[in-house]
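With chain P's structure known, arrange chain C on it following the hints.
Residue numbers (the numbering used here), protein chains in the order written: chain P, 1 to 121; chain C, 1 to 893.
Note that these hints are calculated values from the structure, not bench results.
Since this is a predicted model, take the numbers as computed values, not measurements.
No more than 35 Å apart at the CA atoms, straight line, and that leaves these computed lysine-lysine pairs for DSBU-like:
hint, chain 1, residue 1, chain 2, residue 2
1, C, Lys57, P, Lys82
2, P, Lys91, C, Lys57
3, C, Lys601, C, Lys332
4, C, Lys155, C, Lys305
5, C, Lys678, C, Lys561
6, C, Lys57, P, Lys73
Chain C is faced by these chain P residues, among others (derived, beta-carbon under 8 Å):
hint, residue
7, Tyr34
8, Glu51
9, His60
10, Ser77
11, Gln79
12, Ala81
Even for Gly, the Cβ is constructed at its ideal location relative to N, Cα and C.
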Amino acid sequence: MGKKERYQNRIELLQGTLDMLILQTLQWGPQHGYGISQSIRGRSGDVLQVETGSLYPALHRLAQQGWVTSQWKQTESNQRAKYYRLTPAGKRQLLSEQSRWAQMVNAVEGIMNPAPEEGQP
Amino acid sequence: MSLWDWLFRRRQREEDLDEEVQSHLRMATQERIEQGQSAEQARTCALREFGNVALVKETARDMWGWGWLETWLQDVRYGARQWRRNPGFTLAAVLTLALGIGANTAIFSLLNALLFRNLPVRQPEQVVEISMLDRNGQTSSLSFPMFEEIVRHEKVFSGTFAWLGDATFNVEVNGAFTQGDIWAVTGNFYSELGVRPVLGRVIEPVDVNLRGGSPANVAVLGYRFWQRSFGGDPAVIGKSVRVEGLPFTVVGVAPKGFTGMGLASDPDITLPLTAEPLLASQPLEKLYTSETSDDFWLEMAGRLKDGVTLALARAEMEVLWRGVLERTVPAKYDAQQRASYLAARVDVASAAKGMDRDLRSHFTRPLVVLLAIAGLLLLIACVNLASLMLARAAARSHEMGVRAALGASRWRLARQLLTESTLLSAAGAAAGLAIANWSSVALRNLMDVPPAFHVGPDVRVLGFTAVAAILTGILFGLAPVWQVTRQDPTRVIPQESRTIAATTGRFGKALISAQVALSLVLLMGAGLFARSLHLLRSLDPGFQREGVLLAQLFPRPNGYKDMDNSVYYSDLIRRVRGLPGVLAASLSPLPPGWVTLMPQKTVAAAMRPEEASRADVAMVSPGFFQTLGISLLIGRDFNWQDNERAPRVAILSRQLAQQLFPGGAAIGQHINIGEDAKQQNVEVVGVVTDVRLYDVRNPNVSAVYMAVLQEGEFAHYEALEVRSAGDPTVLASSVRQTVDSLGREYVLRAGTLSYADDVAFLNERIIAILSEFFGGLALLLVATGLYGLMAYSVTRRTREIGIRVALGAEQQGVLWMVMRESLGVVMTGVAIGLPAALVAPRLISSMLFGLTPTDPLTIGMATVAMIGVTLVAAYLPAHRASRVEPMAALRYE
Numbered sequence: 001m002g003k004k005e006r007y008q009n010r011i012e013l014l015q016g017t018l019d020m021l022i023l024q025t026l027q028w029g030p031q032h033g034y035g036i037s038q039s040i041r042g043r044s045g046d047v048l049q050v051e052t053g054s055l056y057p058a059l060h061r062l063a064q065q066g067w068v069t070s071q072w073k074q075t076e077s078n079q080r081a082k083y084y085r086l087t088p089a090g091k092r093q094l095l096s097e098q099s100r101w102a103q104m105v106n107a108v109e110g111i112m113n114p115a116p117e118e119g120q121p
Numbered sequence: 001m002s003l004w005d006w007l008f009r010r011r012q013r014e015e016d017l018d019e020e021v022q023s024h025l026r027m028a029t030q031e032r033i034e035q036g037q038s039a040e041q042a043r044t045c046a047l048r049e050f051g052n053v054a055l056v057k058e059t060a061r062d063m064w065g066w067g068w069l070e071t072w073l074q075d076v077r078y079g080a081r082q083w084r085r086n087p088g089f090t091l092a093a094v095l096t097l098a099l100g101i102g103a104n105t106a107i108f109s110l111l112n113a114l115l116f117r118n119l120p121v122r123q124p125e126q127v128v129e130i131s132m133l134d135r136n137g138q139t140s141s142l143s144f145p146m147f148e149e150i151v152r153h154e155k156v157f158s159g160t161f162a163w164l165g166d167a168t169f170n171v172e173v174n175g176a177f178t179q180g181d182i183w184a185v186t187g188n189f190y191s192e193l194g195v196r197p198v199l200g201r202v203i204e205p206v207d208v209n210l211r212g213g214s215p216a217n218v219a220v221l222g223y224r225f226w227q228r229s230f231g232g233d234p235a236v237i238g239k240s241v242r243v244e245g246l247p248f249t250v251v252g253v254a255p256k257g258f259t260g261m262g263l264a265s266d267p268d269i270t271l272p273l274t275a276e277p278l279l280a281s282q283p284l285e286k287l288y289t290s291e292t293s294d295d296f297w298l299e300m301a302g303r304l305k306d307g308v309t310l311a312l313a314r315a316e317m318e319v320l321w322r323g324v325l326e327r328t329v330p331a332k333y334d335a336q337q338r339a340s341y342l343a344a345r346v347d348v349a350s351a352a353k354g355m356d357r358d359l360r361s362h363f364t365r366p367l368v369v370l371l372a373i374a375g376l377l378l379l380i381a382c383v384n385l386a387s388l389m390l391a392r393a394a395a396r397s398h399e400m401g402v403r404a405a406l407g408a409s410r411w412r413l414a415r416q417l418l419t420e421s422t423l424l425s426a427a428g429a430a431a432g433l434a435i436a437n438w439s440s441v442a443l444r445n446l447m448d449v450p451p452a453f454h455v456g457p458d459v460r461v462l463g464f465t466a467v468a469a470i471l472t473g474i475l476f477g478l479a480p481v482w483q484v485t486r487q488d489p490t491r492v493i494p495q496e497s498r499t500i501a502a503t504t505g506r507f508g509k510a511l512i513s514a515q516v517a518l519s520l521v522l523l524m525g526a527g528l529f530a531r532s533l534h535l536l537r538s539l540d541p542g543f544q545r546e547g548v549l550l551a552q553l554f555p556r557p558n559g560y561k562d563m564d565n566s567v568y569y570s571d572l573i574r575r576v577r578g579l580p581g582v583l584a585a586s587l588s589p590l591p592p593g594w595v596t597l598m599p600q601k602t603v604a605a606a607m608r609p610e611e612a613s614r615a616d617v618a619m620v621s622p623g624f625f626q627t628l629g630i631s632l633l634i635g636r637d638f639n640w641q642d643n644e645r646a647p648r649v650a651i652l653s654r655q656l657a658q659q660l661f662p663g664g665a666a667i668g669q670h671i672n673i674g675e676d677a678k679q680q681n682v683e684v685v686g687v688v689t690d691v692r693l694y695d696v697r698n699p700n701v702s703a704v705y706m707a708v709l710q711e712g713e714f715a716h717y718e719a720l721e722v723r724s725a726g727d728p729t730v731l732a733s734s735v736r737q738t739v740d741s742l743g744r745e746y747v748l749r750a751g752t753l754s755y756a757d758d759v760a761f762l763n764e765r766i767i768a769i770l771s772e773f774f775g776g777l778a779l780l781l782v783a784t785g786l787y788g789l790m791a792y793s794v795t796r797r798t799r800e801i802g803i804r805v806a807l808g809a810e811q812q813g814v815l816w817m818v819m820r821e822s823l824g825v826v827m828t829g830v831a832i833g834l835p836a837a838l839v840a841p842r843l844i845s846s847m848l849f850g851l852t853p854t855d856p857l858t859i860g861m862a863t864v865a866m867i868g869v870t871l872v873a874a875y876l877p878a879h880r881a882s883r884v885e886p887m888a889a890l891r892y893e
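Bound-form chain P, shown alone (with noise of 0.2 Å):
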């Protein structure tokens, strides 16, 4: 079983979609976890709380996929902290994930509000 069937394996709606908006919080630039887990936060208004039990895995099955990788540095206010970067194929997963997001945001609209279907009366 090679990498990528075993990380499509554990994909579940809530997972697959964290692991999207890590990526997608890293395409602004280097992030540590905590920076990550507040920036998904404020981006969703505090709807989206990020579980750090969650984000941390995460973060490690990123890293261990190839997608992400980390480096030590000072942060703003001089604390060290473990910075994460997305790779070159993080941001190829990026684009498919945004695009099968795509899809299934349609499909589930399509469901929820049906379009009125033309020639009916």
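The following block gives chain C in isolation, referenced to the frame of chain P:
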């Protein structure tokens, strides 16, 4: 994370993860402080928000991908700790497994060497042997002209070579005589096999001058011979060795492990092919006198060209063969001999595994049977360990219950237990390999196979051992797994660990019954082999084996030169008979009991050929019947005047005489033996009692005796039989001196005729010895297993027994109560084992002599032995139970 990182950077990664979590907490706390919370409150809130730090770390670690290895290592560490804590149990278990796995590995090592190992030469799978099958389907070597014809016409081989191997000659090194295994080879022998010398050079084409000229007197030493005779001295090159009196200059040493063209061969000295006729004191022309040579002495092999299959080579050789035969018919042959010669077929077979057909056909079946018996023993050991493990699992059920309650899955618990048992079997296998290493060599020596036959472990043997270890580990680990995964933690935890064991009772007893059943099958097999050997040994061969010294004679260099056989041998016998303590002496070409002869079709001259009887043909000297205690019924014995100048005479066994001459009066009649022209119309001069001279198993006692001296100058005796008034072995040295004093021969070895029997029954003896040994081990295992179970059960029931005694139970009654329980277990096993023990031995019925596989005496003895031994094992705990002091027992808990 790569395996490398996991192995060597894990600690660093752990620290890294820890620091990452800490930095998260610091930042979260910092932010809360900035929002106005107190430092302590901020820290608490950050921690609460973060959740279970250890769990987060653990799930993150799982993402590294080596979690399974981590937990497995934990299991191994935990298991090792378990075993260290119970050294007695561990030692017993490892020893049991070491014996079981070791026995299997040792026997497999021999089978592996016999069946799967290739010759240590370059690309052995390309090497094929070419030989001849005569009219009777007997394999024969080729004549030199045949070899030349094949070389001239074949197109499938990239190279062809020939040799004469495994010939024993006198070798003289620095004045000391030894016997050497001499090979004579063509110049390309070594290069075709891709064998390079460790010292000097090998035999090369320039050494083998097949067309006239004097051959090079050079010799290549075998590695072992070089070590043995020259102490591995590198200055051996240029030194001289004498073979059969002729000097040869050492030019090189063959590499270690080179065994010629056989896996069990050990060429001491290799000479150019052209040296061989000289050794036999024959003119060199013997090699290449085409058209006249009917001397089939040469073995031949070829290396297949790339892309040529064995089938293709065989097809081509079959096409060529007719022409080869027609061009090489010896001119001296008459029409009948010619027809016989032209009827021979060619045989092309792979030589990749060496030309050890005899070895393979002789030992494969016995070894397979032994492997099956050893496998049965290992199975018994597994069941034995399973019941021990079960008792331990019962003692640990509290622990397991707690682990299950804490969230360990059944699979996790099972894995833990299986890791523990596999750990044990791996330790057993490691010790077993050491045992196997030693005992495979011992077994090889017992089989009388030369030490050149390499039986050491290779990849296949190690793989076999590893598979055996894993399978045994799983097999005996399954019982506790079954037990533990079935139990309900909520019931187990509140209980005292001592009271739980009651539940293992039934399963534990079933395992002991299984051991009894399996052991009974093994004992039955062992008993059958032992009885069969005993019957063979007690067979009356019809002559007196005891009191006879058997000396094997060997010629000195040129010892047979200018020798008049009848003068020499009659002189030898006269002198030996004159020795004090000698009653009679005689000679024969082969030691009685040593070999099986090809029976020949024998017919009275007056009969039609279809009425022929099959009879063994034995060549003997005058005095043979007297020496071996065979009675002459009528007529006369041979005398020294029955030589090649006198008309041929024969003596018949009684059975043959009755078959050929039902009317009686065989004396003076004439018979035809086989197809040899010299053995037609032979006069019968005597009749002797029926004996089983060469193979005591052979029910056909028809035999024709002839005088060897009538065979001509090349007829020699190899066996000297001396009947002694007392212990025959004390005659050995005086017989040796007598042979030496005549200067032509010497005694290679001397022993008793009974020893010859040991050689004849070698296979039966090996199987009997080993299966008895395995049977004994199986009994021991059953006894310890039953003892362990009952001792444990008595300890558990001390309180109950105490109460019984306090209430008035008699000692006898308690004893009987425990014995009855054991007897129940044993009899259940016997009931299951008996039908199996009556059916399974059918597989070996062809290897038994004089009994059926359902021999009632054997099955009776096996059952009695089994019940007897188990009763002794059960008596000890029963006795202890009967001695329980009621007061002590009641205070016990």
